[in-house]
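Student: Okay, here's what each chain looks like letter by letter:
Number of protein chains: 2
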Amino acid sequence: MARPKPISGFPEFLPTGRLVENQVLAAITSTFELHGFAPIETRAVEPLDQLARKGEIDKEIYVVRRLHAQEGDADELGLHFDLTVPFARYVLEHSGHLNFPFRRYQVQKVWRGERPQEGRYREFTQADIDIVGRDRLADHHDAEIPLVALDVFGRLHRDLGLPPVSIRVNNRKLSEGFYRGLGIESTAAVLQRVDKYDKVGPDVVVELLTEQVGLSETQARACVALAGISSEDESFVDKVRALGVTHELLEEGLADLASLIRIARGTEPGRVVADLRIARGLDYYTGTVYETLLLGSEKLGSVASGGRYDSLASDGRTTFPGVGYSFGITRILAPLIGKGILTATRGVPSAVLVAVDSEETRDRAISVARRLRERGIACEVAPKADKFGRQIRFAERRGIPFVWFGANLDDSVKDIRSGEQLPADPDAWLPPIEDATPRVIRG
Amino acid sequence: MARPKPISGFPEFLPTGRLVENQVLAAITSTFELHGFAPIETRAVEPLDQLARKGEIDKEIYVVRRLHAQEGDADELGLHFDLTVPFARYVLEHSGHLNFPFRRYQVQKVWRGERPQEGRYREFTQADIDIVGRDRLADHHDAEIPLVALDVFGRLHRDLGLPPVSIRVNNRKLSEGFYRGLGIESTAAVLQRVDKYDKVGPDVVVELLTEQVGLSETQARACVALAGISSEDESFVDKVRALGVTHELLEEGLADLASLIRIARGTEPGRVVADLRIARGLDYYTGTVYETLLLGSEKLGSVASGGRYDSLASDGRTTFPGVGYSFGITRILAPLIGKGILTATRGVPSAVLVAVDSEETRDRAISVARRLRERGIACEVAPKADKFGRQIRFAERRGIPFVWFGANLDDSVKDIRSGEQLPADPDAWLPPIEDATPRVIRG
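Sequences listed follow chains X and E, in order.
Under our numbering, the first residue of the first sequence carries the number 1010, and numbering increases by one thereafter.
Under our numbering, the first residue of the second sequence carries the number 1010, and numbering increases by one thereafter.
Honestly, the hints are just simulated from the structure, not real lab data.
Do not take every clue at face value.
Remember, identical chains collapse to one label, so a pair may be satisfied in a single copy or spanning two.
DSSO-like cross-link-like pairs, simulated, lysine-lysine; straight-line CA separation at most 30 Å [claimed, not checked]: (1) K1118 - K1208; (2) K1393 - K1248; (3) K1393 - K1118; (4) K1068 - K1118.
In this text the structure is predicted, and so the values were computed from the model without any measurement.
All chains should be built: construct the whole structure from the sequences, respecting the hints.
Tutor: Structure follows, in structure tokens:
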């Protein structure tokens, strides 16, 4: 086997990167738990017919079938492309065993057969929270979800120096009502084009709307004007009214969004912004939609997004409306880890290397290691009874800060950074707290 | 959408079960880290040609392809069926950035298109440790690996009441040398039949060996006699010699296994047993092989297994021999969680439900919740300003032990199990430590 090459779009980290990712995930999931979200995990596959009806995403689905499938076996399963569709299915399947509103988090890989490009992956990790009700779900949860997201990003900002974020919010009822007020029927097609606003600019969107969707110049200009509106307070309402369009659904969307912005401003002023160009590509959103920009890295696009879906989960008799947020873990971390901006103090858990005098006394070193571990100190025994200088270099290359000598007879421990070596008791010695485990640092 | 049905072989847990699984995984990975294993994660897919050459497993591989793949696109990728093959590839790909011997752990889903049956899954979680060297790897690691496994199972025994385990060890050189000493060429075919010993018994294995592999009755009887040998000490060596077969490779295997048993007995007497019927289905093992039985649940089969592989990872110039162990997390936990033998004190992280007096004062409840969270107390705000009795029942149904009343004005907290309600300060109150987070208990 020749040296294997990476597969484009399927990122992998070295151990140091994975240590960083693990600590970031631990910070995120513990924040989710502080907000009362319970963990679940769903299978990687869903029936293909359930996946392939969610809009533009269809063409990116990966089909899964057995290599030696029987002649005539149908392609039945696909890998999930998000965690919302599987969650909706999970809720329907297990609704008899869940309490509603049901708050859950879920951290898993998802797969999309996209053309790989900077910041896009075919396999990536998402961390999702959702709140789902039975029959109805109160509007105040639409304001709660972005506040949980701000808590998460606040912690990543404090602990890891991640830039502060701005959460951008819109409401599909507002956009759709506005389009209907203009006499437009194909509102989904308009949304898809408006979604490209940031990439191509307002003039190209007008072109797309007139040429591809068949809007008049006036209709297209009005849609683009709506997309240009944003505000940190409720003043967006007046700006929309100034465009002179009226529709019942538009009024509902304006009221919902204004209420959300008002509540969020009470807790986190200026961090949750009404931004009427936010569209989201997925078809299942029916009201509030969110995106998240890293301030100073807006070009990266949205690193966390979500929204309200009122009819994704329904068994015909009962509907389970929900609202949720999805954090693009790989999207946030892969560039930071890849460029060495986030790294760890070492790539191995061991705080101590227990040196081996000779292969005949390896059992003594093993016994010291066991006693250190009993008190929670991560350590490993040197793989070879080399000269001590070589064993120290072994530790040095791995970033292991301490080497233990004289296992069990004349015990001492050396801090290989300072060179200081002191007598030590394997049943009492502790490393300084900052050396006990690898820590995430800025590289 | 009608209520969805589970897909056979793809198990999912309710939140309580996932809480149990998370805590078990945390106990296992922290034990791995105490032994100096660093975390990695590999992509879910590998090139098909790399997957489809590992023996009997081939027919169980899942192929992955884009739903709208281009005409003529080859099937190139498959889901990994274990974590050893991807790890070997990872080592080759990243060898320039790793320090050897390299110790890593990895906890991920794997997929096998097996016929679903009791205790067999198509998607399941494995937790693997491996130690890999460059060019060579010292034999003492073969004795180290099962001692790490015993540490893991010891912790699960103490913390969760899992039964004690017995680790069964064999060596492929021993079996293969024995077969060759009998004049048998098709040693892999013999191993495959001997692997069925526990399921079908010695007489059927003799039949399979004579009818399917073409052995003589004498050869077949000798193979079965070898498979019948086991011992807690080195006495298996004499039992093998008594069968009168000689071969150079057999001697090597006997010496290796005797050395392993001697070292393991020094630390954990009687827990690591030489058992010459252990075969393992995967082709890549070249020396030591391990299986693990839960005492009292031997019928479940091996819940953790592994072995030495000397030539799995090679780029033609450099070979990376390794030894590892794989813990069948789903195999161990799914029956215990499914039957309610392991459960959690509650299915939600929240220790406190903050009651809401009226929708107009929801912001006060939100503020109390924020102050509790700042001190690490998981809580949620009641979704509806219901009568207090209903809010208490809301907490009760979820197992949330405390309800907070009078947010910010006349604060008090009620233990809804005892009914005791006491004044409390949201900036000072703490729940009893045993109520702070859900705990795993025996149901």
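Student: Next step is simple, just say for each hint if it's right about the structure.
Tutor: Comparing the hints with the structure gives:
no. : hint          : in the structure
1   : K1118 - K1208 : within (27 Å within a copy, 37 Å between copies)
2   : K1393 - K1248 : neither (73 Å within a copy, 33 Å between copies)
3   : K1393 - K1118 : neither (39 Å within a copy, 34 Å between copies)
4   : K1068 - K1118 : both (19 Å within a copy, 25 Å between copies)
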